[in-house]
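> Here is what each chain is made of, one letter per residue.
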Amino acid sequence: MRILAIALMLSVIVAACSSDDSGAPNDTFDRRAMLTELADAYIVPEYTEAYNRAANMRAALEAFAAAPNNSTLLAARSALAAAMNQWQRVNTFDFGPAESLFGDLSTEIATFPSNPDAIERKIANGSWTLTGFDRDTRGWNTLDYLLYGTDDDGDNAIIQAFMIGEDATKRASYMNAVAEKIVTEIGQVSTAWNGTYRNDFVSRNGTDAGSATSDVVNNLAMSFEHIKNDKVGIPAGLRAGQSRPEPHRVEAYHSGRSMELARLHFEAIREIWEGRPAGGSAPAFRSLRSYLETVPGGQRLVEETRAQCAAVQQAFDAMGDSSLASLCQANDPRVEALHTELQKLTRFFKSELSSLLGVAITYSSGDGD
Amino acid sequence: MTISSVRFLLLGWINEQYVAPKIHFPYYGLSWVQPLPEYGLYAVYGALLLSSLGVMVGAWYRISSVILFGAFTYIELLDKTYYLNHYYFVSIVAFLFCLVPANRAWSVDARMKPSIAVASVPRWTIAVFMIQISMVYVFAGIAKITPHWLLDAMPLRIWLPANDTLPVIGPIFSISWMPWVFSWAGMIYDCTVPFFLMWHRTRLIAYAAVIGFHVVTGMMFQIGVFPLVMILMTLVFFPAQYHEYALRRLTGMTLPESGSWNPTWGTPRLMVVALHLFLQVVLPFRFLLYPGDLYWTEQGYRFSWRVMLMEKAGYATFTVHDPESGRKGVVNNRDWLNAHQEKQMAFQPDMILQFAHVLRDAYSKPGYPPPKVTAEVWVTMNGERSRLLVDPNRDLGKETDGFHHFDWILPR
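Residue numbers (the working numbering), protein chains in the order written: chain P, 1 to 369; chain Y, 1001 to 1412.
For reference, chain P alone in the conformation it holds in the complex (with noise of 0.2 angstroms):
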């Protein structure tokens, strides 16, 4: 027992001494008021934002199906790339609230490609559901195909199929039950976070798999791998397996504004990482980048990602005014560049900030001591 009680001072005496070169950090950081500031200053106010654009979309779109158009057809595309543009900026937070039973709000209503030819089958049945597997069915993509057509549908042709035909109640009623859905699940979302949902995030302050630390970095992992697996690498024909590309895989392929859709979801992610607006007034907000800045290792690692977002960013620069569908259909060697940076800062994202945070990303054992 002496022994042990000499041990143990002895670890102390020789503890504190080695404490004095060390450059530890002095105080650990405040999680709870991370989690406050990005939820009360980004989380809540975007998807607030969000649900508004989204019932403005409906607006438009339900003004465009009573008064087929041009200038209806404008203002519902108008209204519809508003929404899909903040759907960008709230699509990381895929947890919670935005979890359900029959998947999350991400695979409900931004699947991508949607399916032209299973959207026509149901409008001509005059019957559909809108809760089934067949997600290529609804939700923003499937706006995206009834307000652009295919590639060789003049904006006439588009606002007939509206007007012309026995069909074209049908159309003009699935359209408007596929926009009332996204209206919605985005609503409840954005209620569960104006109410009670907010206090529950912010006081799950631990690093444990089910803390709210926890749920932003692998959610933001996530988000950022979906950038570039599924919005570039697959368009481009990168995965293993594909002999081509397949550039009608790409997001929004019918309006053709998948590349901006790409660029915007990355700066979302880059503004969250590091708590601070790309531009506008909005005031800056502690983040994941303020609490690395505390503990051993992540000034080194802030630089870097910085470093390497500046690169992806770059990379989308150099893409010019051709959509990423045609790019990627001409192998383009930009998208395959863009894809290469985004790879690079895969491991900032996803392995180096949980491994320096400290953050659980499993609910499984760690090993055991």
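Hints were generated in silico from the structure; no laboratory data involved.
Some hints here could point you the wrong way.
If the Cβ cut is set under 7 angstroms, some of the chain P residues that face chain Y in the computed set are [unchecked claim]:
1) L238
2) G297
3) Q299
4) A330
5) T346
6) S355
7) L356
Straight-line Cα separation of at most 30 angstroms, BS3-like style, residue types lysine-lysine; simulated pairs [to be verified]:
8) K1022/Y <-> K1113/Y
9) K1022/Y <-> K1398/Y
10) K1022/Y <-> K1328/Y
11) K1398/Y <-> K1365/Y
12) K1328/Y <-> K1398/Y
13) K344/P <-> K1398/Y
14) K1365/Y <-> K1022/Y
15) K1328/Y <-> K1372/Y
16) K1328/Y <-> K344/P
17) K1372/Y <-> K344/P
18) K1022/Y <-> K344/P
19) K170/P <-> K181/P
20) K1312/Y <-> K1365/Y
21) K1372/Y <-> K1022/Y
22) K344/P <-> K1312/Y
Label pairs and their computed distance ranges (CB to CB) [stated by the list, open to error]:
23) L1166/Y <-> E99/P: 33 to 39 angstroms
24) R1248/Y <-> A33/P: 41 to 47 angstroms
25) S203/P <-> F1238/Y: 40 to 46 angstroms
26) F1238/Y <-> R276/P: 57 to 63 angstroms
27) A168/P <-> E1324/Y: 45 to 51 angstroms
28) H1405/Y <-> T131/P: 51 to 57 angstroms
29) F133/P <-> V1282/Y: 51 to 57 angstroms
30) D1361/Y <-> S71/P: 54 to 60 angstroms
31) E293/P <-> A1127/Y: 38 to 44 angstroms
32) R1385/Y <-> A33/P: 24 to 30 angstroms
33) R1385/Y <-> A59/P: 31 to 37 angstroms
Backbone N, C-alpha and C fix where the C-beta goes; we use that ideal spot for every residue, glycine too.
Given chain P, work out where chain Y should sit, using these hints.
For chain Y alone, coordinates are given in the frame of chain P:
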């Protein structure tokens, strides 16, 4: 002497759910250990549950202990993703239970058939558990004597602050010098506690330390039932009269007056135990046969009581080079692996190689040579900058698995 009390640690292992993903990572040479269909796995779990109850209450002990060892070890061998030192420990204890007569007192067997009841057993049947536990602690302690652990207090400098929201003890984790205290205390505890447990004058205080240590680590880390296993298992260090007293108070039953255990196959049993202990001493040192940094290559890392020694994470990108089209394709690991498998695979070379072989076979096309499979694997240890773990140009499809040194692992 009696070892009745150690039985009851066997409760609670069954809660672990077995998920059946697309592919598994069997151990080298044991790839024939394949998962049964779902109902078969449930049957194994059922057998595990029944046999652990059997061992606990000492009913049909001999067959129960063999089934317990077999079923538990079978499940552990299916996939090295889930390798944990404490599962290994449980397997070993279950193996040793097959060799000792833990059903000769306070057991259903002895109740049903009083003639088998004995008051004492040979010393080795108890000592083997004490030695085994001591080895776990001491090897874990020796492994902590590294500059990383003692001077940099890594990885505790990552893990302690991450746990600062724990009730009661959380706040002290945010003190900047606390990781050093815990690093040194942990090392000294592991190296010395078995000896303090053996000495009767320090036993109680050492046992208090055992409880404290395992409660704290149990709160900090997601290590499931292990703290309870160790806290209960360590009771074997207490002499028989403690157990006798406790069990008499609990059950109202007493030990038989006399009789000692006369083992069938006594000498072979002893020889198996001796061989087992010899292997236990030797296995943790097998890493010396491999060049390079053990923590980096992990060749000879498992089965050595190296527990919670490093914070390591990786990100592995596999590229398949199609010989037909000449295209390079990047693999989405999650198409094949669950999150846990992907995480573990991404920094363990033998699993990287296994996955590369799976990909090589999956993307082979008739009439063409197997595709080249390369991997870009970035691994971070203890908060350091990520480095490449394997040679990114090497065709891993052509490299063989085995116990030899993998020369495609890049030096740290």
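> Holds or violated: are the alpha carbons of K1372/Y and K1022/Y at most 30 angstroms from each other?
Within the cut-off at roughly 22 angstroms; holds.
> Taking 30 angstroms as the top limit, are the C-alpha atoms of K1328/Y and K344/P close enough?
Holds - the C-alpha atoms of K344/P and K1328/Y are around 17 angstroms apart, at most 30 angstroms.
> Can the restraint linking K1022/Y and K344/P be considered satisfied, given a maximum Cα separation of 30 angstroms?
holds (27 angstroms)
> Can the hint on T346/P be confirmed by a CB-to-CB distance to chain Y that is less than 7 angstroms?
For T346/P, the interface hint holds, since the closest Cβ of chain Y sits about 6 angstroms away, which is under 7 angstroms.
> Within 30 angstroms, alpha carbon to alpha carbon, are K344/P and K1312/Y?
Status holds; Cα separation ~19 angstroms.
> Is 33 to 39 angstroms right for how far apart the beta carbons of L1166/Y and E99/P are?
Between L1166/Y and E99/P, where Cβ atoms are some 26 angstroms apart, the hint is violated.
> Does the structure keep K344/P and K1398/Y at a Cα separation of 30 angstroms or less?
holds (26 angstroms)
> K1022/Y and K1398/Y: Cα distance at most 30 angstroms?
holds (23 angstroms)
> I want to verify a distance hint. Is the separation of the beta carbons of F133/P and V1282/Y within 51 to 57 angstroms?
Once the Cβ atoms are compared, 55 angstroms apart, the range 51 to 57 angstroms for V1282/Y and F133/P holds.
> Against chain Y, with CB atoms and a cut of 7 angstroms, does the hint on Q299/P hold up?
Because about 11 angstroms separates Q299/P from the closest Cβ in chain Y, which is outside the 7 angstroms limit, the hint is violated.
> Quickly compare the C-alpha distance for K1022/Y and K1328/Y to 30 angstroms and report which way the hint goes.
holds (23 angstroms)
> Under 7 angstroms, Cβ to Cβ, is where S355/P needs to be relative to chain Y, so tell me if that hint holds or is violated.
holds (4 angstroms)
The structure is inconsistent with the numbered hints 3, 4, 8, 20, 23, 24, 31, 33, although it conforms to all the rest.
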